[in-house]
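Could you build all of it, start to finish, from the sequences and the hints given here?
2 protein chains.
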Amino acid sequence: MSTIPAAEDSLRKALAEKLSNIELQGTSVRQLKASGAPKPDIDAAVQALNALKLEKASIESQLKSTLAGGASGTSTRDAFRQAVANTLERRLFYIPSFKIYGGVTGLYDYGPPGCAIKANVLAFWRQHFVLEENMLEIDCPCVTPEVVLKASGHVEKFTDLMVKDEKTGTCYRADHLLKDYCNEKLEKDLSMSSEKAAELKHVLALLDDLSPDQLGAKIKEYNITAPDTKNPLSDPYPFNLMFQTSIGPSGLSPGFLRPETAQGIFVNFRDLYYYNGNKLPFAAAQIGQAFRNEISPRQGLLRVREFTLAEIEHFVDPQNKSHPKFSEVASLEILMFPRKEQVSGQSATRFQLGKAVSSGIVNNETLGYFIGRVYLFLTQIGIDQHRLRFRQHLENEMAHYAEDCWDAEIESSYGWIECVGIADRSAYDLRAHSEKSGTPLDAQEKYLEPKEVEKIVITPVKKELGLAFKGNQKMVAEALEAMNEDDAMEMKADLESKGEVEFQICTLGRSVTIKKNMVSISKEKKKEHQRKFTPSVIEPSFGIGRIIYCLFEHSFYTRPSKTGDEQLNVFCFPPLVAPIKCTVFPLVQNEQYEEVAKLISRSLTASGISHKIDITGTSIGKRYARTDELGVPFAITVDSSSSVTVRERDSKDQIRVSVEKVASVVKEVSDGHKTWSDILQVYPIHSSESAE
Amino acid sequence: MSTIPAAEDSLRKALAEKLSNIELQGTSVRQLKASGAPKPDIDAAVQALNALKLEKASIESQLKSTLAGGASGTSTRDAFRQAVANTLERRLFYIPSFKIYGGVTGLYDYGPPGCAIKANVLAFWRQHFVLEENMLEIDCPCVTPEVVLKASGHVEKFTDLMVKDEKTGTCYRADHLLKDYCNEKLEKDLSMSSEKAAELKHVLALLDDLSPDQLGAKIKEYNITAPDTKNPLSDPYPFNLMFQTSIGPSGLSPGFLRPETAQGIFVNFRDLYYYNGNKLPFAAAQIGQAFRNEISPRQGLLRVREFTLAEIEHFVDPQNKSHPKFSEVASLEILMFPRKEQVSGQSATRFQLGKAVSSGIVNNETLGYFIGRVYLFLTQIGIDQHRLRFRQHLENEMAHYAEDCWDAEIESSYGWIECVGIADRSAYDLRAHSEKSGTPLDAQEKYLEPKEVEKIVITPVKKELGLAFKGNQKMVAEALEAMNEDDAMEMKADLESKGEVEFQICTLGRSVTIKKNMVSISKEKKKEHQRKFTPSVIEPSFGIGRIIYCLFEHSFYTRPSKTGDEQLNVFCFPPLVAPIKCTVFPLVQNEQYEEVAKLISRSLTASGISHKIDITGTSIGKRYARTDELGVPFAITVDSSSSVTVRERDSKDQIRVSVEKVASVVKEVSDGHKTWSDILQVYPIHSSESAE
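For the protein sequence lines, the chains are A and B, in the order given. According to the working numbering, the first sequence is numbered sequentially starting from 1. According to the working numbering, the second sequence is numbered sequentially starting from 1.
Some hints here could point you the wrong way.
Note: identical chains are not told apart, hence a pair may lie in one copy or across any two.
With a Cα cut of at most 25 Å, we get these calculated BS3-like pairs of lysine-lysine [to be verified]:
1. K99 x K279
2. K13 x K56
3. K562 x K463
4. K446 x K622
5. K436 x K99
6. K325 x K220
7. K525 x K157
8. K355 x K455
9. K674 x K652
10. K56 x K498
11. K179 x K652
12. K661 x K674
13. K492 x K279
14. K325 x K612
15. K340 x K157
16. K321 x K598
17. K455 x K516
18. K150 x K99
19. K279 x K622
20. K196 x K220
21. K99 x K532
22. K325 x K598
23. K99 x K622
Everything labelled a hint here was simulated from the structure, so no lab data went into it.
See the structure below:
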């Protein structure tokens, strides 16, 4: 995993060899001189040394250019990213928040076109997921009391490792510093041995798995100091990424801003299950803000401190994860990157989703169904299917309770970015909240006929427990009754062989000694009318801001202006998500055309089509260029009072439509009921001598 | 304002008189007895005393029933509110947040139907305001750095007065305790004098205007103690209602959760103005979460700690607040409650909006236009126009900078509730952020021809300022230059008469002495090509949760079941906002009908119509009742495989439509393109012997 490319490896090795040869040869020249050897011998040795130096220089330059191969790719990517960012900021797709006060790192506003795209993406998300699957959408607050996030594990574990500049107190993410050190070293230190380079690459690969101690040791070993001051750094320690606050005036009720929306759904499981007629499977969904108090946010819009999540929690019987609509997505061919291919160094390949599930690559149909639906969602809003892959989590990447997990990753100038996580989280979350709150969060399956089952029967002997544990007897009895079958049978065996056994009581926070006379454990045959179980949760979780950022990059291109003297920017958003569906221009400034433009504008408003009217006297070409840069798919140019020109953004095709019909034509093609090709069937391309 | 009703007043006076007569008569009886007066005299005196006591009892009972007049109204309202709340909670319109952990006061989740209504209300808000007026919608973070909220005044002034139980530390809102005391006293203390009652009513009326000292004095005067413990209370002190947090890991950047979304718009004014082609007027809008850390939230869904606001900031030239579309709303007849009518004790009356503006009751056309648009918005989503009024703020109610302010108040079981505030905030907010950030937030009007104007010219004499103020000279010079014309002319006069003048420098936080030689002030004639000014802001701000709660109350009614043995609940939501537009039932459980139901369900999904399919074997009447209680406007009952019955919720009218057409019929009437009466023109009422 952490090996270095063969070319680089052999060059580093050759360079190391040359350096050592140069040293040897240098020594030999000095010895010859010192021993007063004959001049021709000395000259020959010096010549050999110079030849070695030349060879070294040549290898160095080869190595530089090999390393720069990546770097020149990097610089192209950086230039592309900068071009996109410039357009986005100039046209107010987004704005650094509180800009007039210098801004706050990791906080961004969506300006008008960005906000419209976000609203369109979320409206389509509701249509594609909530409406299509009859999901139960709910809406919970961002402010969350501590008890909920203790149960979910966030209070304890939602941390990043931080180091502080020991003199100034400036904070850094420990892994970032180590990563920067390794990358810089690899790029700039040409004389590094091939082994050292492999080591640094290994560190980079393991970065996410290092413990605080290991990370601290590496920082010490490499003498990494604070980037701004070169001061020494503290040992790494965990910093909780949740924004903390206090609920109510007393200061006694700590709260946090939720780091995800999912917990709000889990704590409502019982009510939602009832609302769904006590039937499984069903899915709940939530769209809302989530917060992460990042130590030092980088990567612009991809790593921010506040973001919109859209999350689905699909509750399912763990014994039956089939999905009735799986056949609808089974034939999709999707770029997938299973665990095995990652470990063996292969690359992502196209799989038919049906085969990926039947061959066991994807754990179950429900997970597979959501992979398919997420694929359809992302490609329909305009993500390039060739730059979208589903990567399976490695074993060590998943939480211990997760059954399987696939990330929808989208390729951007920052590399492959995780934009949607689709995880089978088993029963972990519901169990955690059930235990912590004392409210059962389970489901029942009613049998059509009663079933005979062998069941464990645990009967605590109250009298003996009372004598032994006094006031704690109730908690001990409850803990005994709550044992699962395996634990109970093990206790039974131990009690029979040893007479007593140590038993951990979570609610007491300690273990007690259980004696044989305190509990009876047996297996009995029982008739059961229903089965009680904690549902499994399959969770597709969408980072809306990341998806939108990748959509910006995938939609951006440039093309020469008509005169060829400049490059014009275009965002080729699909009409479905385009911030503004159409512009209306009078071709020239004249009252009659303006009246027609206003008439068309009114009928567009009545049809709910967002649009912009531009009655400036600017040339039509410039006005097209302005709207192309906002990603507006259609432009209506008024050049007569009976019919108008409609121009499509990417093809620049133009058609002529009557003033009465133009709003409904634009509506059909904006709503996605018709494509531009459908429209061209009815209204043929009009060859026009427009001013563009 | 704080007088008590005449009937109550005269009864209290009569009662006080009787009590004093009883005391006198009692004394006289005792004296007669003590002096050994003849028995007949004593008997006569006792008889008179008893007569007085009887009369007192009769007055007491009259007073009780007068006071109970209000109380019986209260109990009807309480019962209605409870019936609505029961239905809302049972059907999961809302859920107390984190319920399984005991909940958090003032935090609520929207469950599935509530969440759907909210999404529908917001979608219509976007259509009705943003799209219709081409507003610039933006989306800013909730987490806001302190500097922004210092500039807006929230850090200093966004407070409520709080008292603490001196022993337990429990916190209460000071005005709530005083209010509860007064109300309880007025209701239960019958022997209170009429003057005392008037005093308490006066206190209630002034409650919002009391200073901490005045409030503390009243609490002391009335011996008000902590409600739960009867312990003494601390003096009232201000508690800031913003949730505080810390941005980033250093702990050095305080932040708050925004108390409103407006500030995010103001700080972006410059970019938005540029985006709009440097043209006024234009409006920006934002929908998002806002937060108030209430001391002790009451009134259920009306006073919560986290809520959704939808805010519009309409920027306009202060010299021209006309509105081009005002004529579209001018003929609306709206229940209005101007300042004058409130002060003189009259009630709200219907005004034609055009007249309200032309007569000066409403300050300007733009304000009037928004009053009209808000009226249309609220009534179209289902608010009863007879329980909606626009109340003008009293002079002392408005911020000092506000020009005029009208609240859309909706009548609910809690009384008249402020749901939308429509304020002309003048240039206050832009000026505050401009001063604090040092970024000019202004607009220009370019003149068609240059204008000759007399202008104040302020020229600080740098040398003198430097000598007098050293390092502060720049700030003094800037403050001098920033004076408006009136202040500058006043300073000029003072300097000429007195030679020096005290001058407050905000940026220094103190005043300095300006001498005559430090500044020259004159008026000069200049040619100007443009006018620079800070725009005025007209701000309609919508409390979405409050509007939805009032909609719940206005939509709720009960009607007898067919058998007449129970009352059934109905929410008569308009199709536009109904959480689910239609249900699909097979009349009886049979495979053929279920297939048809599924077919219809698929075409509804394809048309984007939210619906619910109910294939339980429950009686059709019960299934109708269930959906009526969710406010579902239409039910499709499948009782053949060619055509189906469509039933409208409120009229219970039924029509027959073919299976192929039913989805499009329901779509037309759900989208608001047709009304139910339009549909009845095409599909006449079908008299059916359904099982209902």
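>> Treating 25 Å as the Cα threshold, decide for K340 and K157: within, between, both or neither.
In response: Classified as neither: same-chain Cα gap 28 Å, cross-chain 61 Å, threshold 25 Å.
> Is the C-alpha distance from K325 to K598 at most 25 Å within one copy, between copies, in both cases, or in neither?
Replying inline: Answer is between: at 13 Å across copies they meet the 25 Å cutoff, but 47 Å inside does not.
> How would you classify K325 and K220 at a CA-CA limit of 25 Å: within, between, both, or neither?
Replying inline: neither (55 Å within a copy, 70 Å between copies)
>> My question is about K525 and K157: at a cut-off of 25 Å on alpha-carbon distance, are they close within one copy, between copies, both, or neither?
In response: For K525 and K157, neither the intra-copy (43 Å) nor the inter-copy (70 Å) Cα distance is at most 25 Å.
> Should K321 paired with K598 be assigned to within, between, both, or neither, using CA atoms and 25 Å as the limit?
Replying inline: between (55 Å within a copy, 22 Å between copies)
> Quick one: K56 to K498, C-alpha cut-off 25 Å, is that within a copy, between copies, both, or neither?
Replying inline: The answer is neither: 72 Å in one copy and 85 Å across copies each exceed 25 Å.
>> At most 25 Å between alpha carbons: which applies to K355 and K455, within, between, both or neither?
In response: neither (38 Å within a copy, 81 Å between copies)
>> One pair to classify: K13 and K56, alpha carbons no more than 25 Å apart. Within, between, both, or neither?
In response: Only inside one copy: K13 and K56 sit 11 Å apart there, 113 Å across copies, limit 25 Å.
> Should K99 paired with K279 be assigned to within, between, both, or neither, using CA atoms and 25 Å as the limit?
Replying inline: between (50 Å within a copy, 21 Å between copies)
> Between the shortest in-copy and the shortest cross-copy C-alpha distance, which are at most 25 Å for K661 and K674: within, between, both, or neither?
Replying inline: both (15 Å within a copy, 21 Å between copies)
> With identical chains treated as interchangeable, where does the CA-CA distance between K674 and K652 reach 25 Å or less: within a copy, between copies, both, or neither?
Replying inline: within (18 Å within a copy, 37 Å between copies)
> Can you tell me if K492 and K279 fall within 25 Å by alpha carbon in one copy, between copies, both or neither?
Replying inline: This pair counts as neither: shortest intra-copy Cα distance 36 Å, inter-copy 82 Å.
Comparing the model with each numbered hint stated earlier shows that hints 3, 6, 7, 8, 10, 11, 13, 15 and 23 do not hold.
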